[in-house]
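Novice: The listed protein sequences derive, respectively, from chains P and E.
Residue numbers 1 to 323, in my numbering, belong to the letters of the first sequence in order.
Residue numbers 1 to 239, in my numbering, belong to the letters of the second sequence in order.
Everything labelled a hint here was simulated from the structure, so no lab data went into it.
Source: prediction; values computed, not measured.
Think of the CB as a built atom: it goes at the ideal place given N, C-alpha and C, for glycine as much as any other residue.
Check each hint, because a few of them may be wrong.
Said to hold, decoys possible - Restricting the straight-line Cα-Cα distance to at most 30 Å, the calculated cross-link-like pairs of lysine-lysine (BS3-like) are:
no.	chain 1	residue 1	chain 2	residue 2
1	E	Lys35	E	Lys64
2	E	Lys64	P	Lys6
3	P	Lys293	P	Lys221
4	E	Lys111	E	Lys88
5	P	Lys6	E	Lys111
6	E	Lys75	E	Lys88
7	P	Lys293	P	Lys310
8	P	Lys6	E	Lys35
9	P	Lys6	E	Lys88
10	E	Lys61	E	Lys88
11	P	Lys282	P	Lys310
12	P	Lys282	P	Lys293
To be verified - According to the in silico footprint, chain E covers these stretches of chain P (three or more CB under 8 Å from chain E):
no.	region
13	2 to 8
14	19 to 26
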Amino acid sequence: MERAEKIGLGVATAGHVLLFGLLSAGFLATPNPLKLNSPPMDVSLVDEVALQSTAPRISTEPPPPSVAPEKGPTEDAAPAAQPEPAPVPEPTPAPPKPKPVPPKEVAKPAPPKPKPTPPKKETPQAAPKPKPAPEKPAEKPRAKPAPEKPKAAAAAPAKASAKPAPKAAKPAAASGSGKAAAKPKGSLLGNDFLKGIDTSADAPRKPAAAPQAAAMGPQQKAALDAEIRRQLKPNWRPPSGADADQLVTLLEVRLDKNGAVIGTPEVIDQLGVTASNRPQAKLHAERAIQAVKLASPFRNLPPEYYEQWKWLRPLRFDARLNR
Amino acid sequence: MNLSMPDVGAAVGAATDAATISPLALFLQADIVVKGVMLGLLLASIWTWAIILGFSFTLRKASKQSRAFEEDFWKADDIDRFYEARGKAEFPAAKVMAAGVTEWRRSTAQKVIDRDGTRDRLATSMSSTIAAEVDRLSDRLNILATVGSVAPFVGLFGTVWGIMRAFTSIAAAQNSSLAVVAPGIAEALFATAIGLFAAIPAVIAYNRFSHGINRMESRLNRFADGFYATLSRELEAQR
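Model the full structure from these sequences, guided by the hints.
Specialist: Dropping the structure here:
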């Protein structure tokens with residue numbers, strides 16, 4: 001080995017040691033920006049179609065009683081208010097009681113009417129009963145318009161809350177017992193009103209048991225359509241042939257509550273019929289009817305939405321159903 | 001169905017540490033076979049660089065001295081005196097001249113001079129000296145060629161071996177996540193990296209040095225031809 005080679009070997013060794021030393025010391029190391037410091041995520045895979053109503057459930061609990069001890073006093077004041085000048089003293093007791101009353105005066109007899117209606121919505125069964133109640137308050141206002149307005153407004157909270165209403169009615173009866181029971185009621189709550197309240201008190205239980213009021217949202221409707229299509233699909237054998245995939249048959253199908261087809265599905269219309277696929281059109285319709293019959297009874301249709309699926313019109317059969 | 005993956009998260013954490021590791025850590029983590037490959041390639045790289053540095057030094061020195069010697073030779077009036085002064089040096093051009101002068105002296109020492117035989121012997125002795133010098137210079141070039149062509153394959157062997165090992169670790173862990181295979185593949189690829197690190201300078205140096213050797217050889221040949229022509233003319237004049 002020559003001297004030059006010895007020098008070369010020494011330099012090469014030193015260079016390699018230096019290079020690897022620098023690399024080992026992290027000279028060229030780029031800091032890794034992808035520090036995965038986010039915690040692992042739980043993933044849940046849900047394979048069921050949401051056919052259940054997502055509408056908020058109506059609470060079974062009665063609404064909290066409103067603190068309205070003023071019912072009795074107002075009734076006492078009502079007889080005093082019968083003479084026309086009376087309204088002037090009235091405002092003095094009124095302010096402590098229902099403060100929001102003055103603004104309601106603008107709305108005259110109108111306010112009493114809408115207020116009875118909310119119980120109606122909550123209790124569809126009770127619908128006939130509340131009706132008389134609003135009528136009578138409406139009649140009375142005509143007799144004495146001036147005093148009524150504040151009272152009607154005061155009665156409003158009583159109606160909204162089921163509990164205080166009877167209480168209010170009782171003092172009314174107690175105070176009004178000295179005079180005619182029908183007239184002197186300052187609160188304008190007739191006996192009929194009590195009926196309505198009684199029913200409305202039980203009412204909240206029923207809607208909670210079966211929320212029939214649930215209206216179909218677009219998601220539920222899409223899920224329902226998808227469910228029906230899913231059940232039709234295995235039974236749908238469209239005819240094959242020239243342009244047969246352009247054929248569309250629209251059926252009208254009636255279902256009972258168990259999802260079974262009532263009667264025979266009827267062809268409403270056929271679309272996409274051309275000269276080349278005309279021979280297939282009738283077969284297409286027959287196959288569509290057959291598919292519905294084979295798929296009957298439809299399962300997994302939400303009973304609370306029966307109104308939505310009892311009459312399927314139009315039920316569309318086309319080439320896309322296969323896909 | 002809940003897919004919670006805490007162990008994968010832990011493995012990913014380990015992998016991020018592995019992402020910043022040094023060549024030393026890669027070397028220490030590797031399999032024994034891959035370690036051997038890396039070590040051999042590192043030694044090959046050191047050797048290659050030693051040859052490159054030494055050879056370039058030698059070649060440059062030889063070519064510089066030869067050129068200076070040739071220029072001085074053509075300027076010299078008396079070949080014998082020039083030879084006595086500088087002909088004993090240890091570089092190619094001086095050796096070629098020494099061979100020619102030695103052969104001349106031997107051939108012209110006899111009473112009867114065979115001119116054709118003397119010309120042949122002069123030409124042969126000088127060309128053989130050139131060949132010997134070129135051989136001596138290009139002694140280490142074959143090592144550069146070998147490293148340049150073989151080192152990538154050796155590195156590839158280490159990589160294939162390391163990746164095979166990484167796959168067996170996938171099978172052992174029952175988990176095909178990147179965090180399981182990545183460290184093994186990284187250290188396996190490091191073997192190829194070292195192989196290329198050794199091979200690339202070796203190939204470049206080999207090409208460059210063989211070109212330098214060729215130039216040196218042709219230069220020596222030209223010098224030998226010129227010297228031969230001079231000696232041949234002297235032979236004509238010899239009585």
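Novice: What hint numbers does the structure not satisfy?
Specialist: Numbers 1, 5, in rising order.
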